[in-house]
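Participant: This is what each chain is made of:
2 protein chains.
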Amino acid sequence: MSEEFKSIQSVGRNGLLKAIDQFESFSNQETIKAIGDDAAVIREENGNLTLLSLDTFVEGVHFDITYTPFHHLGYKIISAAISDILAMNGKPTSVLVSMALPNRQSVQMVEDLYKGIYAAGHEYEVEVVGGDITANHSNIVITIATYGKAEAHEIAFRSGGKEGDALCVTGDLGGALAGLRVLMREKKFWKEHGDDGIQPDLSEYEFVVKRQLVPKARVDLIQALKEEEIKPSAMIDLTQGLINEVSELAGASGTGAYLYQAALPIAIETRHVADEMEEDVDRYALFGGEDLELLFTLPEKEVERFAEHFNDLTVIGRLVPKNEGMKMQTAEGEIISFDDLS
Amino acid sequence: MSEEFKSIQSVGRNGLLKAIDQFESFSNQETIKAIGDDAAVIREENGNLTLLSLDTFVEGVHFDITYTPFHHLGYKIISAAISDILAMNGKPTSVLVSMALPNRQSVQMVEDLYKGIYAAGHEYEVEVVGGDITANHSNIVITIATYGKAEAHEIAFRSGGKEGDALCVTGDLGGALAGLRVLMREKKFWKEHGDDGIQPDLSEYEFVVKRQLVPKARVDLIQALKEEEIKPSAMIDLTQGLINEVSELAGASGTGAYLYQAALPIAIETRHVADEMEEDVDRYALFGGEDLELLFTLPEKEVERFAEHFNDLTVIGRLVPKNEGMKMQTAEGEIISFDDLS
Chain A
5 MSEEFKSIQS VGRNGLLKAI DQFESFSNQE TIKAIGDDAA VIREENGNLT LLSLDTFVEG
65 VHFDITYTPF HHLGYKIISA AISDILAMNG KPTSVLVSMA LPNRQSVQMV EDLYKGIYAA
125 GHEYEVEVVG GDITANHSNI VITIATYGKA EAHEIAFRSG GKEGDALCVT GDLGGALAGL
185 RVLMREKKFW KEHGDDGIQP DLSEYEFVVK RQLVPKARVD LIQALKEEEI KPSAMIDLTQ
245 GLINEVSELA GASGTGAYLY QAALPIAIET RHVADEMEED VDRYALFGGE DLELLFTLPE
305 KEVERFAEHF NDLTVIGRLV PKNEGMKMQT AEGEIISFDD LS
Chain B
5 MSEEFKSIQS VGRNGLLKAI DQFESFSNQE TIKAIGDDAA VIREENGNLT LLSLDTFVEG
65 VHFDITYTPF HHLGYKIISA AISDILAMNG KPTSVLVSMA LPNRQSVQMV EDLYKGIYAA
125 GHEYEVEVVG GDITANHSNI VITIATYGKA EAHEIAFRSG GKEGDALCVT GDLGGALAGL
185 RVLMREKKFW KEHGDDGIQP DLSEYEFVVK RQLVPKARVD LIQALKEEEI KPSAMIDLTQ
245 GLINEVSELA GASGTGAYLY QAALPIAIET RHVADEMEED VDRYALFGGE DLELLFTLPE
305 KEVERFAEHF NDLTVIGRLV PKNEGMKMQT AEGEIISFDD LS
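Going down the list, the sequences are from chains A and B.
Just so we're on the same page, our numbering is the position in the first sequence counted from 1, plus 4.
Just so we're on the same page, our numbering is the position in the second sequence counted from 1, plus 4.
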């Protein structure tokens with residue numbers, strides 16, 4: 005190694021992406037969007053758009069097999085993968101699944117994993133059209149390529165938001181993190197007290213545990229938008245937490261953002277978990293990842309009309325001029341910059 | 005774990021694929037080919053075909069970073085990935101690259117890897133349209149999704165071979181394995197004698213080492229076929245060794261196969277390495293993987309015409325009736341079944 009060794013750890017994911025950014029790719033004129041959105045967008049000869057995305061799930065980083073049933077894992081990775089295509093206002097139609105698996109894992113495990121993958125495929129009407137199975141020495145690494153379509157007038161980029169647009173979110177926030185907190189507590193208890201053969205009773209936490217283990221992709225929003233012939237000005241899916249995704253969307257749109265903390269949709273079950281853990285539930289909602297909800301923007305005048313037809317939606321803020329920055333108004337009326345939140 | 009624990013190791017890759025095969029996928033009517041060929045094939049509205057494939061490369065399984073320069077690795081994985089699309093007689097146009105990387109790796113390593121990926125992209129006119137970077141604890145795992153196109157009359161499946169068709173192969177065989185043997189010998193020497201800071205002189209082995217580290221995808225064959233308006237009746241790429249790929253192609257085509265051992269194209273440099281290692285060079289040619297050459301079938305009458313325009317091609321056998329099985333005629337005139345070869 006050279007004297008100037010710089011580890012990935014020292015520069016972080018963003019530093020790494022910047023390092024890669026120096027290289028110029030060969031480019032096709034049919035490519036409408038390459039890197040920088042939830043999916044790549046390619047124009048076909050007939051004007052329709054092809055959407056492509058790729059997601060990797062690493063044991064020990066994205067999932068923990070001590071508390072994740074494999075059929076749940078299979079379902080979840082398909083939900084997460086197709087969510088990228090939904091976030092472009094597109095229709096996912098096919099996936100390819102690649103697995104790197106340690107030899108010591110059981111065949112039953114692989115069957116359970118695929119059971120979940122195929123169950124999700126049937127639910128979302130997405131076909132498993134191919135893939136790859138290889139060995140790995142240590143852990144399970146799964147990659148899903150997702151293929152989908154959109155008509156040119158439907159496509160929603162992160163970058164299309166306009167000043168004044170309402171920031172809307174489906175469902176509720178922070179539930180997946182609440183579920184993770186419960187499962188991690190159980191794992192800790194199990195590690196400290198040993199396996200007495202008794203399964204923990206998590207029925208009290210069913211809502212949040214499901215949010216963590218078997219989140220649903222919001223196909224219903226995309227269908228409702230199509231039925232109402234409404235196109236979001238911008239859209240992104242919530243995988244890395246609300247603050248991160250609002251920053252990405254507003255950043256790509258060249259605007260600022262203004263959030264109302266009091267408006268954040270948080271389920272009562274999520275609140276109970278945060279209370280039990282003596283943690284701040286708003287931080288679950290702002291920073292908790294993996295909810296797989298969709299964050300999108302609509303011109304103010306369209307919000308009411310759309311909400312009449314799709315009611316699992318909350319307006320949580322609006323896009324503002326770029327020079328106003330990214331801010332949140334707390335329930336107490338204080339105005340905080342995103343930078344001071346984390 | 006249940007009392008009937010069956011490990012992946014105990015059933016092997018084929019046993020695993022069989023276990024997965026029990027599940028029925030949701031299916032789209034646009035899907036022409038899902039699992040079972042080099043790439044998935046989807047029909048577009050205008051009748052053209054979209055091709056999709058997914059390949060995973062695992063450190064310690066598919067590559068060894070002790071003797072693989074990272075820019076070579078980047079180049080090689082793109083060559084291997086697009087080879088799947090070429091094997092359908094298609095044109096690869098875009099890739100998505102996903103990496104799971106240990107934090108301890110250097111930024112320089114990632115830059116070198118991407119340098120190779122982008123260099124291959126420029127050479128093959130393939131755009132890097134997206135991807136994913138995540139952490140992994142132990143090793144490097146890279147997955148490439150490849151997207152390509154073909155016109156409906158061009159597509160070549162593994163299954164289209166007919167009795168009597170000539171089995172043709174591009175380039176030469178066994179070179180990548182010969183290169184691997186040289187590199188492994190150097191690694192062993194280095195491990196036993198310690199690193200004296202002197203780089204081994206591999207110039208004598210340049211041909212085979214390049215075949216292992218920077219194999220080229222055979223875009224030239226696909227272009228020549230297009231120019232001559234010749235379509236192979238069947239095609240597959242050589243990643244798992246000739247015997248395996250001939251068996252796959254003939255099996256899918258519902259035929260037997262008859263190989264002429266004396267006809268196998270083997271480079272003189274590959275012979276030298278086998279001699280040095282006191283190994284059988286024909287086994288390199290029959291079982292060595294990763295050559296990235298293309299194996300295809302043509303009706304006998306088209307072979308001569310095509311060979312006038314594309315000369316890096318050897319006829320190594322023919323497809324025969326299924327009941328004649330898979331056999332090879334040795335240089336000594338003996339006829340051996342594939343089953344007795346391995």
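Keep in mind that the hints were calculated from the coordinates and are not lab data.
Predicted model, so just to flag it, every value in this text is computed and none were measured.
Any given hint might turn out to be false.
Note that identical chains are pooled: a pair holds if it fits in a single copy or bridges any two copies.
[To be verified] The list that follows gives simulated cross-link-like pairs (lysine-lysine, DSS-like), each with its CA atoms no further than 30 angstroms apart:
1) K220 with K37
2) K22 with K305
3) K191 with K10
4) K326 with K220
5) K305 with K191
6) K192 with K305
7) K230 with K195
8) K326 with K166
9) K119 with K214
10) K192 with K214
11) K22 with K220
12) K191 with K22
13) K192 with K22
14) K166 with K305
Participant: Can you tell me if K119 and K214 fall within 30 angstroms by alpha carbon in one copy, between copies, both or neither?
Facilitator: Close inside one copy (17 angstroms), not across copies (42 angstroms); limit 30 angstroms.
Participant: Are the CA atoms of K191 and K10 at most 30 angstroms apart within a copy, between copies, both, or neither?
Facilitator: between (35 angstroms within a copy, 26 angstroms between copies)
Participant: Within a copy, between copies, both or neither: where do K166 and K305 come within 30 angstroms Cα-Cα?
Facilitator: within (13 angstroms within a copy, 64 angstroms between copies)
Participant: First find the shortest C-alpha distance between K192 and K22 inside one copy, then the shortest across copies, and answer within, between, both or neither for a cut-off of 30 angstroms.
Facilitator: neither (37 angstroms within a copy, 37 angstroms between copies)
Participant: Quick one: K22 to K220, C-alpha cut-off 30 angstroms, is that within a copy, between copies, both, or neither?
Facilitator: Close across copies (29 angstroms), not inside one copy (32 angstroms); limit 30 angstroms.
Participant: Can you tell me if K305 and K191 fall within 30 angstroms by alpha carbon in one copy, between copies, both or neither?
Facilitator: Classified as neither: same-chain Cα gap 48 angstroms, cross-chain 68 angstroms, threshold 30 angstroms.
Participant: Evaluate K191 and K22 at a C-alpha cut-off of 30 angstroms and name the case that applies: within, between, both or neither.
Facilitator: neither (37 angstroms within a copy, 34 angstroms between copies)
Participant: Could you figure out if K192 and K305 sit no more than 30 angstroms apart (CA to CA) within one copy, between two copies, both or neither?
Facilitator: For K192 and K305, neither the intra-copy (50 angstroms) nor the inter-copy (71 angstroms) Cα distance is at most 30 angstroms.
Participant: For K230 vs K195, is the C-alpha pair at or below 30 angstroms within one copy, between two copies, both, or neither?
Facilitator: neither (49 angstroms within a copy, 62 angstroms between copies)
Participant: At most 30 angstroms between alpha carbons: which applies to K326 and K166, within, between, both or neither?
Facilitator: within (10 angstroms within a copy, 65 angstroms between copies)
Participant: Could you place K22 and K305 in one of the four classes (within, between, both, neither) given a Cα distance threshold of 30 angstroms?
Facilitator: neither (39 angstroms within a copy, 55 angstroms between copies)
Participant: Between copies, within a copy, both or neither: which fits K220 and K37 at Cα up to 30 angstroms?
Facilitator: Close inside one copy (26 angstroms) and across copies (28 angstroms); limit 30 angstroms.
Comparing the model with each earlier hint shows violations of hints 2, 4, 5, 6, 7, 12, 13; every other hint is respected.
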